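Sequence lines, in order, name chains A and B.
Here the first sequence stands for residues 17 to 102, where the numbers follow my numbering.
Here the second sequence stands for residues 15 to 416, where the numbers follow my numbering.
Worth flagging that the hints you see were computed from the coordinates, not collected in a lab.
Note that the coordinates shown come from a computational prediction; the quantities given were computed from them, not determined experimentally.
Glycine included, every Cβ here is placed at the ideal spot set by N, Cα and C.
Treat the hints loosely; a few may be bogus.
[Said to hold, decoys possible] Here are a few chain B residues that sit away from chain A, every Cβ distance over 10 angstroms (derived from the structure):
hint, residue
1, Phe-145
2, Tyr-250
3, Lys-281
4, Asn-393
[Said to hold, decoys possible] With a Cα cut of at most 16 angstroms, we get these calculated EDC-like pairs of lysine to aspartate or glutamate:
hint, chain 1, residue 1, chain 2, residue 2
5, B, Lys-164, B, Asp-111
6, B, Lys-317, B, Glu-379
7, B, Lys-67, B, Asp-51
8, B, Lys-254, A, Glu-62
9, B, Lys-415, B, Asp-383
10, B, Lys-139, A, Asp-82
11, B, Lys-281, A, Asp-66
12, A, Lys-97, A, Asp-50
13, A, Lys-97, A, Glu-78
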Amino acid sequence: MSIKDQVIAIIADQAMLEPSDIKMDNTLADVGIDSLGLVESIFAIEECFDITVPFNANNPTESEFDISSIAAIVAAVEKLKAEQAA
Amino acid sequence: MNRVVITGAGTINPLGVDVASTMEAMREGRCGIGPLDIPDVDRLSIQIGAQVKNYDETAHFNRQQIALYDRFTQFTLLAAREAIGQSGLTFSGELADQSGVVLGTSGGGLNTQDDNYRAVYAEGKNRVHPFIVPKLMNNAAACHVSMEWKLRGPSFTVATACASSNHAMGQAFNMVRSGMAKVMVTGGSEAMLCFGGIKAWEGLRVMSKDACRPFSATRNGMVQGEGAGVYVFEDYAHAKARGAEILCEVIGFAMTSDASDIVMPSKQGAARTIAGAVKDAKLNKEDVGYINAHGTGTAANDKTECAAVADVFGHHADKLMISSTKSMHGHLIGGTGAVELLACIMALRDGIIAPTIGYEEPDPECALDVVPNVAREANVQVALTNAFAFGGLNAVLALRKH
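All chains, full assembly: derive it from the sequences and hints.
This is the structure we're talking about:
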C-alpha cells in the first residue's frame, strides 16, 4: 500500500468513514476529526510509519507538520519517510 | 436541613452485572472469588481474586470510548447508567446546574498505568497513546459521568484508599442535606486486578491465598475484588414531588482520622466514627439493627472493628447483626463501600440480611452476630455501613428504611 493509501486508511478509520469517502482536498474538520481525533491520528501515523511527527498540540497550525488538508498530511508524511531513508 | 433519599442504584461487581443479580447472589451467599485470569498470574504469589467475569468492553462501548475509558471508568458508567435510569431523572436547565457527581476510587486508571509502564519499560516502546493521561486520572470516571448525563454542579473524586466510596457518599449526602445540591450521583469504582496492582498488595503480606473469611478464627487475610456501585442521592422533597421510588433514606455520616498509624487500624478511631454517625443521624444506639462491616478478613481489622462496635453499643452489640459481604465480592478497595451499600438497602427495603460466608470457627475476639454463612430475614429500621482505610481514615454512613 502506498503512503497515500495508508494515511487515508488511518484518517478514514479515525473518522469512521470509508477510505473512498476521503478526498485529498478535504480538511480534517470536513471529515469530522476534532482535536482529540487529530492527536490520535498523529499517533497512528507515527506507529504505522515508525516516524516521529513534529506536531505540537498547543498550536497545531504553526507546527512544522502541515495538517491543512489530507493532501498536505500525505505530503508531510512522504517527506518524513524520505528524510528517514536518507 | 434537607432530608436525603436514594432514588437509584446501579452496580457491576463480581457477584452480578446489576443490582438485582447482586442482591440475589448476596441472598444465596454466593462467592465471587476464584482463580485470577490475568496475564503473568504465574509470577504472583496471590493467585485469587474477585473479578468481573466474562466482561466484554466492546459490548458496551465503541472504540473511541474505549480509547478514553479505563476499566474503572467503564464500570462506573455502567453502574451510573443503571442508577440514573432507575431514578428516572433527566438533567437539564436548573436541575443540571444543581446536580453533581462525587465518586471514590483508590487506584483510578491503574490498568492503564500498568499497561503503559509495561510498554515503555518492559517492551522498550518509546511512544504511548495520546490519551493515557485523561484515561488514567482518578477523576476520569466522575468527569465522564458528568459529561454523559450533563451534571454541571459540584463534581470531584475522593481517594482515601478503602474508605473512598464512603467518603464520597458522605460528601454527596452533606451536599444534598445542606442544599448545596439537589441531586448527587455518588458511589465509587475500582479496577486494580492487574499484575502491578496485585503485586503491590502482595508486598504487604495481608492477602489470603485461599479465601476471605471475615470474623472466622480461621481467617487469613483479604482478597481483592473489582467493580463499581453508583447511587442517586436526592433531596427528599424533590423526589417526593415527582413521585420517585425511594430505596431508603440516608440519615447520618461521620468521618474521623486515627492520626496514629499508616496501616494498623485503631479501635478508638473506628468507635468515634460509628458513634459519630449514630449521633449525626440523631439515633438511639438501640435503633441500629444491622451493620455492614468493613470486615476485610485480616486479623487486625476484624477484631478491632468488633471491639469498636462492642464499645459503642454496649449490651445492644449482642442484639444487632453485623456481616461482611467482602467474603463474597472481595475487597473492592476504593469502590468497596459503594457495593456494600447494596447490602444495607437489601436489609432495609427487603428485610434480608446478607451473610458473612466462609465462616468456619468462632473467634472470641469477634463475638458478635456476624450472620454466618446463611442470609437471614429480619425487620431492620436502621443500618450502618463502615469503612476504615489505611492511613486511619474512617467513614461511616447511617441509613433508614423508607
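Tested hints:
1. Phe-145: 7 angstroms, violated
2. Tyr-250: Fine: 40 angstroms to the nearest Cβ keeps Tyr-250 (chain B) off the interface.
3. Lys-281: At about 50 angstroms from chain A, Lys-281 (chain B) clears the 10 angstroms cut-off, so the statement holds.
4. Asn-393: 53 angstroms, holds
5. B:Lys-164 to B:Asp-111: Between Lys-164 (chain B) and Asp-111 (chain B) the Cα gap is close to 9 angstroms, so the pair holds against 16 angstroms.
6. B:Lys-317 to B:Glu-379: 5 angstroms, holds
7. B:Lys-67 to B:Asp-51: Between Lys-67 (chain B) and Asp-51 (chain B) the Cα gap is close to 9 angstroms, so the pair holds against 16 angstroms.
8. B:Lys-254 to A:Glu-62: With a Cα-Cα distance of about 56 angstroms, the restraint between Lys-254 (chain B) and Glu-62 (chain A) is violated, given a limit of 16 angstroms.
9. B:Lys-415 to B:Asp-383: 21 angstroms, violated
10. B:Lys-139 to A:Asp-82: Cα-Cα ~26 angstroms, so violated.
11. B:Lys-281 to A:Asp-66: Roughly 58 angstroms between the alpha carbons, so the hint for Lys-281 (chain B) and Asp-66 (chain A) is violated.
12. A:Lys-97 to A:Asp-50: 25 angstroms, violated
13. A:Lys-97 to A:Glu-78: Violated - the C-alpha atoms of Glu-78 (chain A) and Lys-97 (chain A) are around 21 angstroms apart, more than 16 angstroms.
Checked against the numbered hints above, the structure violates hints 1, 8, 9, 10, 11, 12, 13; every other hint is satisfied.
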